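Novice: For reference, the chains in residue letters:
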Amino acid sequence: MAPPIVHIVCERFRYPDSHTLDRYLATGGYEGLRRALARTPEDVHEEVRNANLLGRGGAGFPAGVKWGFAPAGVWPRYLVVNGDESEIGTYKDRPLMERDPHQLIEGCLIACYAAGLSQCFLYIRGEMALAQERVAQALNDAYAAGYIGRNILGSNFSVDICLHWGAGAYIVGEETALIESLEGNRGMPRLKPPYFPAAIGLYGKPTIVNNIETLSNLPWLLRHGADAYKQYGSETSPGTRLFAISGHVKRPGVYEVQHGVTTFRDLFFDEQFCQGMRSGEHALKMFIPGGGSAPWFFPEQLDLPLEARPVGAAGSMLGSGAIVVMDDTTDAVQATLRVVRFFARESCGKCTPCREGTGWLETVLRRILDGHGRSSDIDLLLDIGDNISPGPYPSAGWEEAGVAPVPFPPRQTTICPLGPSAVAPVVSAIRRFRHEFEARITRRTVNIPFTVEPQEPAHV
Amino acid sequence: MSDAPPKSTVTVTIDGKELEAKPGELVIDAAERDGVYIPRFCYHHRMKPVGMCRMCLVEIDTGRGPALQPSCMIPVSDGMKVDTTSERTKKAQDGVLEFLLINHPLDCPVCDKGGECPLQDQTMAYGPGESRFIEEKRHYEKPVAISELVYLDRERCILCDRCTRFAKEVAGDPLIHFINRGANTEVNTFPDEPFRSYFSGNTVQICPVGALTAAPYRFRARPWDLEEVESTCQGCAVGCSVTVQSSRNRVLRSLGVDNDAVNWSWLCDRGRFNFEAVNHPDRLGEPMVRKGGQLQQVRWSEALAAAARAIRTAVADQGPQSVAVLGGARLSNESQYAWAKLAKAVIGTDNTDAQLGDGLPADLVQSLPRATIAQACAPKGTIVLLGPDPKEQLPVLYLRLRHAIVEDGAKLVEIGAAPTGLTKHASQSVRCLPGDLAEAVRSLLDRGFMKADAGPVTVVVGRPALSEDATAIAAATSMLHEALPEARFLPALVRGNVFGALDMGLAPGLLPGRQVVGERSELAEAWQSVPKDRGLDATGILQAAAAGQIEVLVLLGADPVNDFPDRSLAERALEGASTVIAVDQFLTDSSSRAHVVLAAAGWAEVDGTTTNLEGRVLPLRQKVTPPGAARADWMIATELALRLDGDLGVDSIDSIWQEIRRLCPSHRDLDVTDDGGLAFGTSVPFAAVKAPTVRALDPSALRLVAGRRMYDGAVLTTHSPSLAALIESPTVRLHPEDFAGLGIEPGRQVRVSSPAGSIELAAVADPTVGRGTAAIVANVPGAEVNRLISVDSAVTDVRIDTMAARD
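Note that the protein sequences, when read in sequence, are chains U and S.
Position 60 of the first sequence, counted from 1, bears residue number 60 in my numbering, the numbering being contiguous throughout.
Position 689 of the second sequence, counted from 1, bears residue number 689 in my numbering, the numbering being contiguous throughout.
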């Protein structure tokens, strides 16, 4: 039985006008900020550190600890909010921006207060028109009501929030590329070290980059306290977490689940979540547990809890909380191409292995699917992958075949993980479904039907 | 913890061998110093690393186990272990090379870079034997002319970010950029904005493949057919180290060489491409003598006899002061010395001036404490710029100053009538009208503009505009020297070897070795006879010639008609002198009026040395033979001396150089390596120059600012076809708000007139021009701005009238 549903960041989603300031104030809005302002910034920071609020962007780093990385005495320092959600299958930040923009704004203000940040930049993905509209409206309303700007709520705390729209590049979700983009440059990642944004970030100043969901947790956390927060989820991963499930389940959508105690099986098959595979006769073939960059999981991994560490040890990652479920109608080669093509299109072009390698993987896969595969192509695909991400690539174990998992993360010859991400589907698919690749190459036809049926709209 | 002082080096192990590296040094550099070359494409030691090509991946262990890291991004740290040959390193490098090659056309046999291509070389050294890529390569239209000088082949481009980084970080002209994404990423310009940078040729030189090619060299030669020597560019007074490459006795290319003291491997496009003039068909190959009004080719003996006869007659009839030598900045130090000895010891005249009224008083320049470029660029120092726009006239000095300001925290204070290429980096930019410079400096000094944290101060001073008398600038310079005794000076005179000319005594009152006429010296004794009194400078010589007091005027590569600020005086002087002897490479507006023309060998055709604005003596080396019977200038001087019953006592370049080393205190025992050697010390006393009185500007007039541009009517530029196409058409630029008062519209043809003369040209609006001034570029074909200037006036005020509409 799955743990009961708890709503922390989605609590207002049941109201159709949840995005308005009136509804927000009627449901305890800006109460967390008021409570925060009544305490010292150090005190608020301590509260967040106590709650062990883990970053929800993908790396899962504790937010309270991250805030402490900005070097002392360097001003100004900035908060940059990463709303460039664009990982394949990820759409969990979008409802937070569209349906509860004030919760996000309040979270930004609390973070700025606690970490002593002088200005906040809200970077929202260019394609999310409604999110931009709603956040912009909310910012205007909050400015007018005195929640943002000079002397917020009569205190001597002042902060400005600046909204910035992305121009449509996946890589800008990488925090240093996002900072480059904010500065008006081409969105390309910076090499780390020396440019960890906490020390040298936006305009060369200390910069904290937080995810939308992370910040959206703060109002509730400050309203109810760290202890209340920690009653949910597991000890190491407290609170709730949003997961966006797409693919061959009955009820795909965004679900808020207790962090670290719910399992994949709960999420896919429980009645309160996805309610099982889309039709009775098809079985689960594989699923991507954490966005397109994550190595694939298979039915053996269903009982893993939704928590970063065990998932990493099992050879993949929870990443941005995007789960793509594929049943046995899925063509593994086709699915691999679909994911690889995304990364080839989105490579920023900076590092040679990613720029050239992802495109090469795509053309080889395309050729195999077109019936022109060569027997050396499977090894070629793996070796191209090895030149982007040298060494054993993380992948799930397969007890039946006596294959041990290779834990996450992969090594890389590139600056950022985009290039190695394109290797994930290739290694996952070849390791498990080599016969499908061979069939494509030798018989040039396969029997796996590849269909897409329209589904019901997503639920939360 | 011990109290031992911190170690000044860090110990790293590279391929099992321990070595001491400088803290902060990058692994790739430390390895290279130790003889371990790590392959690279994007890394260039004069630019910030980007870690883009990933070719320099090596296994680095800083205590957490070996990991592949880009050695161009990782600074050394104590105890670091680097393995550049491990299996994993090799695999990664092979992989990167294979990736680079999958979309790179294998057209090496027809590629200009073939034979000197880092990609080709590294593929041979590190790459896999064959490609596993059987797909179609990416295709683009090619080549694309991204500027008049540079062509881009996007298929060959490996996207290393060298050219784009150079344009943005080094040149400050971010006109090329990456566009698109992934494997479709390409370098290109913005729409309708060509890569018109003064430094575009450097991108061709640093391109690690054949993606960028330069119009003047494309398809002219294969690298293995080229012969080369290291030499020094004489395009301006910066003295950039170059390698001159030729094939079949023709100069085909000039590349920058990294001289740490001077050019850091960069060149400007003028210096890089004006070798085209060396090969120009208009070069003079034979001497000429005017017969029946026409210049006719003659044999050397006849030309030299005619020249000697004229000089001998003049000296006998009117005394040695009736002979004057104008010019000499084009020559090598050795030729300048020979000519100075000929003029001052054999003929006995001190009327010599290598500057053409467009520089600064020679004795002031020689008396000031001289800075090197490195001193001027000292981190956290202050640069006071009183001079011309370095970007236009001393381009590589501009790159060095820009680097000092942008990267090293130096501050720039500029004072002058017009903005410069450095204005956007200036911490203070003070505008004043031409002629008011001394007053502006005085008032800044009175207000204590030099803060306590100014750091080392260097004054870069030259002649900002021909239309402003040198006295005002000299006076401002004197004031700064008196007020800031610690400050050093980097004189920004612009002609190729003008500093050699001053050091070799081709200036009134000076003798070789920065010595003064009239003082006892070893040199004066060795020469036996030297002039007792100070002679005339360029203005004085031309005035005397116009008044009929100069019998023989020698133009030593000088073109006073175009270069002297007062064109009318120059023309009258050429008419007034009984005999004009021109030693030149081309027939210019001046040398074509001469009676005797002696064909001179030029750059890349002679050995010797040249001196840059720091006083650094740099090598000049011969690569090709001069055209026809043209001779080195020192030989002409020696021959003339013999015909005047003198003997310069020299018979080779080396013998002249040895005499310079022996007799010139500033050059005593100086050794000239490829990187040059610094001449230093001076016995010229400082004498403060008083500011001229400048009349107030009449409100109905505008004050003329005749500055120079990189591409102008200079003889080497106009004879280099690639550069001649870049010379702008002449305009008079006015502040937009000054148009209203004049009642004219931008774009109209106008007449600009001064008491000295008038010219016609188009008027354009330019908000960077100061109000109350009219800017016209000097020496641009089609607008003889020196018709407006008179030496009798410290500044030039002009009126602007509309011209009647023409059909």
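Just so you know, these hints were derived from the structure itself, not from any lab.
Take the hints with a grain of salt, since some may be wrong.
[Claimed, not checked] Computed spacing ranges between beta-carbons, pair by pair: (1) Glu183(U) <-> Pro66(S): 32 to 38 Å; (2) Pro191(S) <-> Arg150(U): 41 to 47 Å; (3) Gly35(S) <-> Gly391(U): 48 to 54 Å; (4) Gly391(U) <-> Glu136(S): 42 to 48 Å.
[Claimed, not checked] Lysine-lysine pairs mimicking DSBU-like chemistry, simulated, CA-CA at most 30 Å apart: (5) Lys66(U) <-> Lys230(U); (6) Lys192(U) <-> Lys48(S); (7) Lys7(S) <-> Lys22(S); (8) Lys205(U) <-> Lys451(S); (9) Lys137(S) <-> Lys81(S); (10) Lys205(U) <-> Lys424(S); (11) Lys66(U) <-> Lys424(S); (12) Lys48(S) <-> Lys90(S); (13) Lys192(U) <-> Lys380(S); (14) Lys142(S) <-> Lys192(U); (15) Lys137(S) <-> Lys91(S); (16) Lys168(S) <-> Lys380(S); (17) Lys205(U) <-> Lys48(S); (18) Lys137(S) <-> Lys17(S); (19) Lys205(U) <-> Lys168(S); (20) Lys90(S) <-> Lys205(U); (21) Lys192(U) <-> Lys7(S); (22) Lys205(U) <-> Lys22(S); (23) Lys192(U) <-> Lys90(S); (24) Lys22(S) <-> Lys192(U); (25) Lys168(S) <-> Lys7(S); (26) Lys168(S) <-> Lys192(U); (27) Lys205(U) <-> Lys380(S); (28) Lys142(S) <-> Lys168(S); (29) Lys192(U) <-> Lys451(S); (30) Lys81(S) <-> Lys192(U).
[Said to hold, decoys possible] Away from chain U, derived, C-beta distances all over 12 Å, residues of chain S: (31) Pro70; (32) Asp94; (33) Ala183; (34) Asp675.
These figures come from a predicted structure and were not determined experimentally.
Every residue gets a Cβ at the ideal spot worked out from N, C-alpha and C, and that includes glycine.
Novice: Against the earlier hints, flag every one the structure doesn't satisfy and list their numbers going up.
Specialist: Going through the list in order, the structure violates hints 3, 4, 9, 11, 14, 18, 20, 25, 29, 31, 32, 33 and respects the others.
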